[in-house]
Amino acid sequence: MNRRALINRAGQALIVALAVLGALPVVLVIVDIYARGVPAIVRIGVVEFLTGLPPTPLDEAGGIGPALVGTLVMAAMGAAMGIAVGFPLGVYLGAYRHERLAAVSQSFTNVLVEYPTIAVGLFVYAAMSLALPAVNPVLRATLGIEVSQFSGLAGALALAIVMVPYVAIFTASAYASVGRELREAAHAITGDEAKALFVVLRKAAWRAILASFLIGTAKIMGETAPLLFTALGNDYYYASPHEYVTGPVGAVPLLIYYMAQTNYEVQNEVAYGAAAVLITLVLAVFVLARLTSREGL
Amino acid sequence: MPEISGPLLVFGVAAYVLSLLVLVRLRLRWGLRLLGLGMAALVGAMMGLFLAEALPALYRYGPSLFLRAEWDPPREAYGLLNALVGTALTASLALLMAMPLAVSFAAAVNEYAHRRFKAVLSNLMDLSAAMPTVVFGLWGLFTLQQFARWANNLLASLPPPVGWLFTPTDTGLGIFTASVLLAIMVTPYAAAVIREGYALIPREIVEAIYAMGATRFEAILIKLRYVRSYIVGGMFLALGRALGETVAVAMVVGGNLSRLPTSLSDTGITVSSLIALQFPNAHAYQYMVPTLYAGALLLASVSVVLNLIAVRYLFRR
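Those sequence lines, one after another, are chains A and B. Counted the way our numbering counts, the first sequence spans residues 1 to 297. Counted the way our numbering counts, the second sequence spans residues 298 to 614.
Just so you know, these hints were derived from the structure itself, not from any lab. Even glycine gets a Cβ: it sits at the ideal position worked out from N, Cα and C. It is possible that some hints are incorrect.
Label pairs and their in silico Cβ distance ranges [what the hints assert, rightly or not]:
(1) B:P457 / A:N2: 57 to 63 Å
(2) B:F444 / A:S129: 40 to 46 Å
(3) B:P353 / A:T262: 30 to 36 Å
(4) B:L318 / A:A76: 19 to 25 Å
(5) A:E60 / B:A496: 49 to 55 Å
Required output: the full structure, derived from the provided sequences and hints.
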């Protein structure tokens, strides 16, 4: 074999080997989490694990109940806020992308996508500590409630800031890919900008946008850093539902973060079980998103 | 300052939301423009708030805040240098490991994978980008740690120049482990960008390459040179992720707050993990909170600058 043929063989083999090495770790992680997490859940009992309180070092077993409720509440609120802002923003960035202002806004949105999530959490913490002294007297007088510095609301706000640019960028690219004829037709038959954008054109781009909502939700369900100084964490259930908004709440990623770093085996075990639950949630939403975007294409 | 700025903030946000709602009903396009401006305002507000909160530390320590490695809360003596060094080391080592993997993955998927299998592999990488980072941290702490210790001690036993960079360790926590974990986490981001660029190579170019008599491997190299703007763009995106990543790094980096790491095997700290680890008890001291805000300001500024560079590279033609 001559030299070129030899280099050709070796080079291709190297590329394939490196590619496998690049894709392998995520498989290893998923396998490892299930291999250790599922036995932990089975030992404790599925219902007990999903509803029980986190174990203290002295307990034999425990669960992730309050954290699971907190994650679902905050992810739902954060996703709702993120979609409410991110979707119209994406429509603007996509439909009016030739405007100078839209281009500027697009670059700030790109900045936010890559923004360190710990900084988002710190920002919401600082903003809450500024705003609450002004807001709380009003809330106390009208609703009889107060939002504390660490609260589900703060956590949801931080998650929303993480989600907005993600939804906006995918929505923008979906709107930008709609053909010129369709855009002209939409404006022609409706004669109304709002109807053209949010009714007719939305239908043309809907699947991709829906997928971005779902993947965005999956992403914020697993976020830890934005919640450290906003939701804070909480090992107990609340008596009344509104306290999940106004008081400190737990979250599954926070629970994993704290329980993984202790020296107590039962807490490490619960961390693995919680991770198995978390990646199952993320996987489920991810698969749903893929099915949504593929159907009918 | 806080007495006025609180109500001002609330009033500003309320006025913004109200005018947004009114404008969207009246003149949709102007409402959307106002929403677009909101993104700029949000980034501006973040930077402004970090700067305002960091001022006491910036006044007190001056440039030495970023040029000294010190963390002594009882004496109120802080320096962020070791965190900056930790961030720079972990991020650059991670990129060094991640980029060959990402480039190879992008090339291999486009060159060799069948249509069905290609979709599976692409989905796997996208899933890996959506995976919670704390899960990577957990895996790093309980599984990767052992492998990293073995790899580290192997590297330490190599002859110099490599051997100088590493020292034998018995914990497996530190800069090196954090870098390996980061490399695993950022590979999918870079791979996604490069894969997209690779798939867009025009057919005529490919035909021309083979018409010149190139072997398969030579063709891949030429194609990679053709998509180099995507490779650079993907690298910057991965770098942004690596700089900002918090919890996974905090779990494996060892949390060495007070001195510079002596080798790549040593324990260290990064800016983001310093914030995560120290902010909860920072309010017990006078200048720790402003110092951590200064770290956040620096981290955010670097991320903004990198992003602008990345976008410029990606859209340059």
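Here is what the structure says about each hint:
no. : hint                        : verdict
1   : B:P457 / A:N2: 57 to 63 Å   : 37 Å, violated
2   : B:F444 / A:S129: 40 to 46 Å : 42 Å, holds
3   : B:P353 / A:T262: 30 to 36 Å : 34 Å, holds
4   : B:L318 / A:A76: 19 to 25 Å  : 22 Å, holds
5   : A:E60 / B:A496: 49 to 55 Å  : 53 Å, holds
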